[in-house]
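Enquirer: Using the hints, put the two chains back together into the complex; each one sits in its own frame.
As given, the protein sequences belong to chains Z and V, one line each in that order. The first sequence begins at 1 in the working numbering and counts up by one. The second sequence begins at 1 in the working numbering and counts up by one.
Hints in this document: simulated from the structure, not taken from any laboratory. Note that CB positions come from ideal geometry on N, CA and C, so glycine has one too. Each hint can be trusted.
Label-pair restraints from in silico Cβ distances:
1) Z/Tyr43 - V/Thr181: 48 to 58 Å
2) V/Thr103 - Z/Ile63: 50 to 60 Å
3) V/Ala48 - Z/Tyr259: 50 to 60 Å
4) Z/Ser196 - V/Ala125: 39 to 49 Å
5) V/Thr181 - Z/Pro360: 21 to 31 Å
6) V/Ala126 - Z/Leu389: 51 to 61 Å
7) Z/Val208 - V/His132: 49 to 59 Å
8) V/Leu54 - Z/Ile317: 27 to 37 Å
9) V/Ala51 - Z/Ser20: 37 to 47 Å
10) V/Ile119 - Z/Val347: 32 to 42 Å
11) Z/Val25 - V/Ala48: 35 to 45 Å
Footprint (simulated), chain Z over chain V, 3 or more residues, beta carbon under 8 Å:
12) 62-71
13) 174-188
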Amino acid sequence: MSAHANTYVPKSRLAKWFESRLPLVGLVHSSFVAFPVPRNLNYFWTFGAILIAMLMSQIVTGIWLAMHYDPSAANAFNSVEHIMRDVNYGWLLRYMHANGASMFFVAVYIHMFRALYYGSYKAPREILYILGVIIYLLMMATAFLGYTLPWGQMSFWGATVITSILGAIPIVGETIQSLLWGGYSVGSPTLNRFFSLHYLLPFMILGVVVLHVWALHVTGQNNPAGIPIKSSKDAVPFTPYATVKDVFATVVFGIFFAYWIFYQPNYLGHADNYVPANAAVTPAHIVPEWYFLPFYAILRAVPDKLGGVILMFSAVIILAFAPWLDTSRVRSANYRPIYRQFFWLFVVVTILLGWLGSKPPEGGYVIAARLCTAYYFLHFLVVMPLVGLFETPNRLPGSILESVTGPGKQVSGSGMPAGAAAAPQTKG
Amino acid sequence: MANHSATPSANYAAAPSANPVVNADGTIPGTDGTRRDFMFLATGAALAVGAGALAWPFVASMAPDAETIAAGAPLEVDLTPIQEGQIVNVFWRGKLIFVRHRTEKEIKEAAAVPMKDLIDPQADAARVKDGHAQWLVVYGNCTHLGCVPIGHQGQYEGWSCPCHGSLYDTSGRVRRGPAPTNLPVPPYGFETATKIRIGEEGGKAAA
Numbered sequence: 001m002s003a004h005a006n007t008y009v010p011k012s013r014l015a016k017w018f019e020s021r022l023p024l025v026g027l028v029h030s031s032f033v034a035f036p037v038p039r040n041l042n043y044f045w046t047f048g049a050i051l052i053a054m055l056m057s058q059i060v061t062g063i064w065l066a067m068h069y070d071p072s073a074a075n076a077f078n079s080v081e082h083i084m085r086d087v088n089y090g091w092l093l094r095y096m097h098a099n100g101a102s103m104f105f106v107a108v109y110i111h112m113f114r115a116l117y118y119g120s121y122k123a124p125r126e127i128l129y130i131l132g133v134i135i136y137l138l139m140m141a142t143a144f145l146g147y148t149l150p151w152g153q154m155s156f157w158g159a160t161v162i163t164s165i166l167g168a169i170p171i172v173g174e175t176i177q178s179l180l181w182g183g184y185s186v187g188s189p190t191l192n193r194f195f196s197l198h199y200l201l202p203f204m205i206l207g208v209v210v211l212h213v214w215a216l217h218v219t220g221q222n223n224p225a226g227i228p229i230k231s232s233k234d235a236v237p238f239t240p241y242a243t244v245k246d247v248f249a250t251v252v253f254g255i256f257f258a259y260w261i262f263y264q265p266n267y268l269g270h271a272d273n274y275v276p277a278n279a280a281v282t283p284a285h286i287v288p289e290w291y292f293l294p295f296y297a298i299l300r301a302v303p304d305k306l307g308g309v310i311l312m313f314s315a316v317i318i319l320a321f322a323p324w325l326d327t328s329r330v331r332s333a334n335y336r337p338i339y340r341q342f343f344w345l346f347v348v349v350t351i352l353l354g355w356l357g358s359k360p361p362e363g364g365y366v367i368a369a370r371l372c373t374a375y376y377f378l379h380f381l382v383v384m385p386l387v388g389l390f391e392t393p394n395r396l397p398g399s400i401l402e403s404v405t406g407p408g409k410q411v412s413g414s415g416m417p418a419g420a421a422a423a424p425q426t427k428g
Numbered sequence: 001m002a003n004h005s006a007t008p009s010a011n012y013a014a015a016p017s018a019n020p021v022v023n024a025d026g027t028i029p030g031t032d033g034t035r036r037d038f039m040f041l042a043t044g045a046a047l048a049v050g051a052g053a054l055a056w057p058f059v060a061s062m063a064p065d066a067e068t069i070a071a072g073a074p075l076e077v078d079l080t081p082i083q084e085g086q087i088v089n090v091f092w093r094g095k096l097i098f099v100r101h102r103t104e105k106e107i108k109e110a111a112a113v114p115m116k117d118l119i120d121p122q123a124d125a126a127r128v129k130d131g132h133a134q135w136l137v138v139y140g141n142c143t144h145l146g147c148v149p150i151g152h153q154g155q156y157e158g159w160s161c162p163c164h165g166s167l168y169d170t171s172g173r174v175r176r177g178p179a180p181t182n183l184p185v186p187p188y189g190f191e192t193a194t195k196i197r198i199g200e201e202g203g204k205a206a207a
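Just chain V, with the same shape it has in the complex (with noise of 0.2 Å):
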């Protein structure tokens, strides 16, 4: 640096401190001045913008790649060979579906319950298709830690998980902890009568 040669650059020469390298309070000329410290912020924020730029292609290779984004392509599932009080696993984007088909009984049993003895409140018709009451479309992962309950089992004779005991009524509902929220519905939509199209509602495919 040209103000610490032992010949002062015109620059300093003209500064009233007899010693160039030193400040007459003490400090070092520039240390106190503004082109340093433009100099110190531009470098580490150029430094700041770089490292995150060249972190971001690495966080972004773990996202799903373009093959297990296009393998989770809608799916359409045919229902007719599903008798009634059977559950049938699909599995779309690597995750398990339950498609029920639900009993009058279980249908009656679901839309009875008050809202008030529900832990995640949810009416059953606002987990169903209109008009498609017997069909119940939900994943097949206890909310809770993502183990698969088994159907039929428990109390409310939903699904019961194996794993840490929450139980599900025919709806799908949570019932009894510890999972927090009821067992979500895919989005999906009926392409005829006995025929369900998973990962596309109302003609827009799912993120």
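Here chain Z stands alone, though its shape is the one from the complex (with noise of 0.2 Å):
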């Protein structure tokens, strides 16, 4: 929808001073006040906001807790603690940051299983979507390295095992941990820049989501019916429908946020965290954070290692290849009979490996974990190519309006859904 009209016109002279000099108010007017929005559209689509809102959460609480923050092996430990007993509030801004990544993850997996069962990856939203992955991929380094910075027994290990993933890469493996590490194994200087590492990225990701916010706005959302806008009549303007929405779902989300800070700041974590690192004892169950789960599950369902680490990234590039492996033309899985059973079996699947990769690898719990690595593997190489090719979509709506008014009815008047500005005197 690049072709709408910028409907913006500054009125003071100052206004008009500077818009002919840098048109930034027209852009964010065009982008966020008079951007068309699809009329159907539902909570699923307001993940993108939420995201945002956390994104930034996670900048502020961690700038802050970089002030009281001390990056070295001996000190770490210690000025968390610090942070948690002697900091006014510092309580609450590292309860803020450490849930905050969790719930930041908690609101992408929603936003990223919206995009799979509408078809949002199909074209024209591949580059939005491909942007979107690589998203995913810049916040699970984030993650990684900003886990290691408390210096517990969790943080020490997981650096250890992830670092030596990289060790299993032929040839240039062990130059390049030896780089990451800055000694022989992970310690002090490895520490401190993780830490580093740990600041820089999340300005990379807020770069690559302006991006990602710029291509959304040259496509056009996508809409549970997964039809283009093919008249006002199907859109409404983003402000005020779309911002009051997004931001009434960004404060209900907040609330299950506040849930976990207030009532269960640690229920997400590993009590093995508040042990200080020892490198001569690794705690008897090793498990990453929660959104790390299903591809840990896949890293040790494979009984080789080189062949574990391939896979276990191949499960999140093969995202990437999601809009040519998909051959049907119909995008949203509500049209789609068949394909829309085999992702909800996806969905399962995922979330099972997810659950497996909690468990010990041993015995039944490891056969599970290969059939559903398998399955994860097939939905994307086989299920999506052939379901797409043999499948008969059910009928689409003729229009956007249609798929929520029902065939034959009309709306009079603007972009506005039906009532909206009835009977203004009753609306307070």
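Expert: Structure below.
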């Protein structure tokens, strides 16, 4: 929807002077005020706004925590306890930051499954979608680096396990490992550079988010019907409709976030991380944070080290190929009776993989993890291409408006939903 | 550039074209020639070398620094207090090393394993020093992803890794995956019958 008119007209002389030199206000107006939004969006479309709110929350709490944190192996653990006990509201900043990471992933997983269900990755949104996969990769790197900073047992052993993964790369692996460690093993130089990179990556995420939003405003939003906006009756202006809905959803999500901060601040972490790092003892049961568990299960499902590493990275990278693996031209799974069932099977398998990742790697758990890993890849490599070829999709509605009002009905007037401007005297 | 000016330079005044800014075949003078190509390639090459020279210190600064290397000097370990059957942890270069005083039974078990039963075949004799079969010195991080295996555990009573279930025998050899290789033997040598020096072998310091 790049062709929509820029309806911003500067009124004051100062605004005119500024706009003719840098049309910034016009850009914001066309992107976040006049931007046409499909009228049938459901609440799954509010997670983009929620994610931006979470990114801002993480950046702000992170900058404040960095004012009190000491990134050296000797002092890191104590400086985190200092934040918790001595710094005014330090406990709040740290719990917001630690639980914020989990909430960030909750929101991004809903956002990603939304994209997969409604076919938001299909033409013309491939670049938009791939930018999203890049953001997800950067998020994973940032979360991993951040988790090492408290320098507890899980921090230390998580860093050891993940940097050992890079050692599996043939030829250059050990050099990369040595450059990451800055020594012969995970130690103080490692922690110091991880802190530096943990501070850098969120701003890189912010940069890719700008591209992601830009790409979104070129192609326009997908919607539950998966059909494009054909007339002004299919759309409503971003402000006030999407703005208010996004703000409302973000506030509700904030309540969910607050529950974790104030009532279960350590539930999503590991008790072992309150034990200072000790290179001589591995925690009895070492697991990553919950949001990495499906990939951890895939890593452990393979009996070969390099093979496990390749498969784990492939599980993320394969997401970027979804636009070309899915052969169906119908976007929304609402109109794809066969694919819809496979989609929910994929969701169940992914959650199952997460559960298996938290279990010890023995007996039936390993067999189950292998079966689930196989299905994870089959979904992308076999189900997506074949179902698209053989499935007969349901009839698509003629327009977004028709998908909302039912066939044959008409709504008069502009792009506003029925009743939106009716009886203003009753609307406070 | 002289050849783009309104008054052609002496070089181009002799050119056959009536318009000195464009050649007869429509190309701009010099673009097909060798001087501009040379300048382009020379500038590009200088830029590439310069970028590499600038990147080098940034990458090299991430390598282990002088302080870390100095702290990695060889380490002497006195074996006298280590009881038979005991495993002692020592650190060299921040890495955990197990020093294990093996029992007669453990040595026999390690020596008796047929090579074909091993994932990473290596004789027990090749993993200890001649005449010191009771002393096994190996790195203490699982070769899978670096966790610390727990001693005297698992089916082979060597080590068992709590992270992903790898098992090692009493020679530190991997017997069940996912670990791909045996626990490596660090460079070390016997100073006396009861003292070893880790990080130096045959008088040569480790890299």
